[in-house]
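Starting from the known structure of chain W, arrange chain C on it as the hints suggest.
Number of protein chains: 2
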Amino acid sequence: MLVVAPDQPQSGMSHAVTINDILRVKKSTLHEGIEAYSCTGTPVDCVKLAIYKVFKKKPDLLLSGINHGANHSINVIYSGTMSAAVEGAVEGVPSIGFSLLNHDEDADFSHCHATIEKVIEGALKNGIDKNTCLNVNLPDKEIKGIKICRQGNAFWKDNFEVRQDPMKGEYYWLKGVFTHLDKGEDTDIAALEKGYASVVPVQFDMTAHHSIASLNNWEF
Amino acid sequence: MLVVAPDQPQSGMSHAVTINDILRVKKSTLHEGIEAYSCTGTPVDCVKLAIYKVFKKKPDLLLSGINHGANHSINVIYSGTMSAAVEGAVEGVPSIGFSLLNHDEDADFSHCHATIEKVIEGALKNGIDKNTCLNVNLPDKEIKGIKICRQGNAFWKDNFEVRQDPMKGEYYWLKGVFTHLDKGEDTDIAALEKGYASVVPVQFDMTAHHSIASLNNWEF
Chain W
22 MLVVAPDQPQ SGMSHAVTIN DILRVKKSTL HEGIEAYSCT GTPVDCVKLA
72 IYKVFKKKPD LLLSGINHGA NHSINVIYSG TMSAAVEGAV EGVPSIGFSL
122 LNHDEDADFS HCHATIEKVI EGALKNGIDK NTCLNVNLPD KEIKGIKICR
172 QGNAFWKDNF EVRQDPMKGE YYWLKGVFTH LDKGEDTDIA ALEKGYASVV
222 PVQFDMTAHH SIASLNNWEF
Chain C
22 MLVVAPDQPQ SGMSHAVTIN DILRVKKSTL HEGIEAYSCT GTPVDCVKLA
72 IYKVFKKKPD LLLSGINHGA NHSINVIYSG TMSAAVEGAV EGVPSIGFSL
122 LNHDEDADFS HCHATIEKVI EGALKNGIDK NTCLNVNLPD KEIKGIKICR
172 QGNAFWKDNF EVRQDPMKGE YYWLKGVFTH LDKGEDTDIA ALEKGYASVV
222 PVQFDMTAHH SIASLNNWEF
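Residue numbers (this note's numbering), protein chains in the order written: chain W, 22 to 241; chain C, 22 to 241.
FYI, nobody ran anything at the bench for these hints, they're computed from the structure.
It is possible that part of the hints are untrue.
Which copy? The list can't say, so a pair holds if one copy fits it or any two copies do.
[To be verified] The calculated DMTMM-like cross-link candidates involving lysine to aspartate or glutamate, where the alpha carbons are at most 20 Å apart (straight line), are:
1. K77 / D179
2. K139 / E240
3. K48 / D28
4. K165 / E206
5. K151 / D226
6. K204 / D226
7. K162 / D129
8. K165 / E138
9. K139 / D81
10. K162 / E214
11. K139 / D161
12. K196 / E182
13. K78 / E56
14. K189 / E142
15. K77 / E56
16. K178 / D129
17. K47 / E191
18. K79 / E112
19. K48 / D186
20. K196 / E112
21. K189 / D207
22. K146 / D81
23. K74 / D179
24. K189 / D127
25. K178 / D226
In isolation and in its complexed conformation, chain W is listed as follows (with noise of 0.2 Å):
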């Protein structure tokens, strides 16, 4: 096992790469008998790293996470957890990324474990088809069994609060509401408020194949 992890909270930092910034990468010594290092780039760049530097090999299977904070429905394309997934599957490699529905620093996890071994269980007795990867989201308390969804269709209702610094000068924090639009019951959503974990098939194909034909007939 080997473990390539970002050396600070990377929330919010979907699949972003370090393009016009250096990286550092040191050995971490956290996790006794682990080889973990630490890296100061996004998840993305940790994977990147892993597989083309440090493991200098594709993994059997790569594991993202846990998160700290609900990934499911659109949450998927702000995830650096989920993007650090979908980094490995454009790489080839089975990839699963793992999100607790609990943003507290001191969340429990041991609830999880079983579910997430059979999960693990599960991809690499079955494979995980290419070019996709598993969006994986636990209930925060007792799980009741695991659903495969689709991806829910939901938003971010954005507001800004707005602060003065010390010297007069506005800034903003983001603090958005989310707004769930899909009454599906085959969502990663509606699976979670049952309390079941989701497991979700992600793909990078972002291509939307059902406006092809109509933009066909556009004329230019």
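For chain C alone, kept in the frame of chain W given last:
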């Protein structure tokens, strides 16, 4: 017309949002006669600030770019320019991202005008499908026409250039080699290679729907 743009380069910033830091917005006088603001955040922050703070309503059309450098194929997931357009789509705003296949600071954009006008006219006349936006890439020279495409399959085979700082500390620069995995004639890469501008409809449902049936047969 209203412009909200990042105050520094945001290459590879993807769909990142600023959660752990403050945001500032300044009125810009860069372009005479155009109401413009610069923001300390990411391209996606700019979209959120424009809609919820500066403009305080949804615009009729959101244009992102023109980016210096290609955002075809897999680049769509790393691109800040395209993520701003995707964020517009999430917000229900007709959105288009434009990128030029030229990284130079002093790149010539003059040959792009007619093509960009055609795409914008098409979008205003026909509308853009709900929950999608358009990814438009423009060849560096004469544009032969416009082709509707799917996202080509490709990845960046990364390597890291190792350097030493004056204190003998090691650091890295990310340096990837673009690696094409898709011989399809209907991809954005193929269209651009033949001198056409590529238009790919992009969605933000990342579910790999084709994988759901087989995942439902995993035994948990």
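task = First find the shortest C-alpha distance between K162 and E214 inside one copy, then the shortest across copies, and answer within, between, both or neither for a cut-off of 20 Å.
result = within (11 Å within a copy, 53 Å between copies)
message = Cα distance capped at 20 Å. Does K139 pair with E240 within a copy, between copies, both, or neither?
response = between (52 Å within a copy, 9 Å between copies)
query = Given a CA cutoff of 20 Å, do K162 and D129 count as a within-copy pair, a between-copy pair, both, or neither?
reply = within (9 Å within a copy, 57 Å between copies)
ask   = How do K178 and D226 come out at 20 Å by Cα distance, when the copy is not named: within, between, both, or neither?
value = For K178 and D226, only the inter-copy Cα distance (18 Å) is at most 20 Å; the intra-copy one is 26 Å.
task = Measure nothing new, just compare the shortest in-copy and cross-copy C-alpha distances for K48 and D186 to 20 Å and report within, between, both or neither.
result = between (38 Å within a copy, 18 Å between copies)
query = Under a CA distance limit of 20 Å, which applies to K79 and E112: within one copy, between copies, both, or neither?
reply = within (8 Å within a copy, 37 Å between copies)
task = Have a look at K74 and D179 and pick one of within, between, both or neither, based on CA distance no larger than 20 Å.
result = between (39 Å within a copy, 9 Å between copies)
20 Å Cα threshold - placement of D226 relative to K204 = between (25 Å within a copy, 15 Å between copies)
request  = Using 20 Å as the alpha carbon limit, work out where K196 and E182 are close: within a copy, between copies, both or neither.
outcome  = Within. Shortest intra-copy distance 7 Å satisfies the 20 Å Cα cut-off; inter-copy 38 Å does not.
task = Measure nothing new, just compare the shortest in-copy and cross-copy C-alpha distances for K78 and E56 to 20 Å and report within, between, both or neither.
result = So K78 and E56 pass the 20 Å test inside one copy only (15 Å; across, 50 Å).
message = When Cα atoms must be at most 20 Å apart, do K139 and D161 count as within-copy, between-copy, both, or neither?
response = within (17 Å within a copy, 50 Å between copies)
message = At most 20 Å between CA atoms: does that hold for K77 and E56 within a copy, between copies, both, or neither?
response = within (14 Å within a copy, 50 Å between copies)
Of the numbered hints stated above, those contradicted by the structure are hints 14, 16, 21, 24, listed in ascending order.
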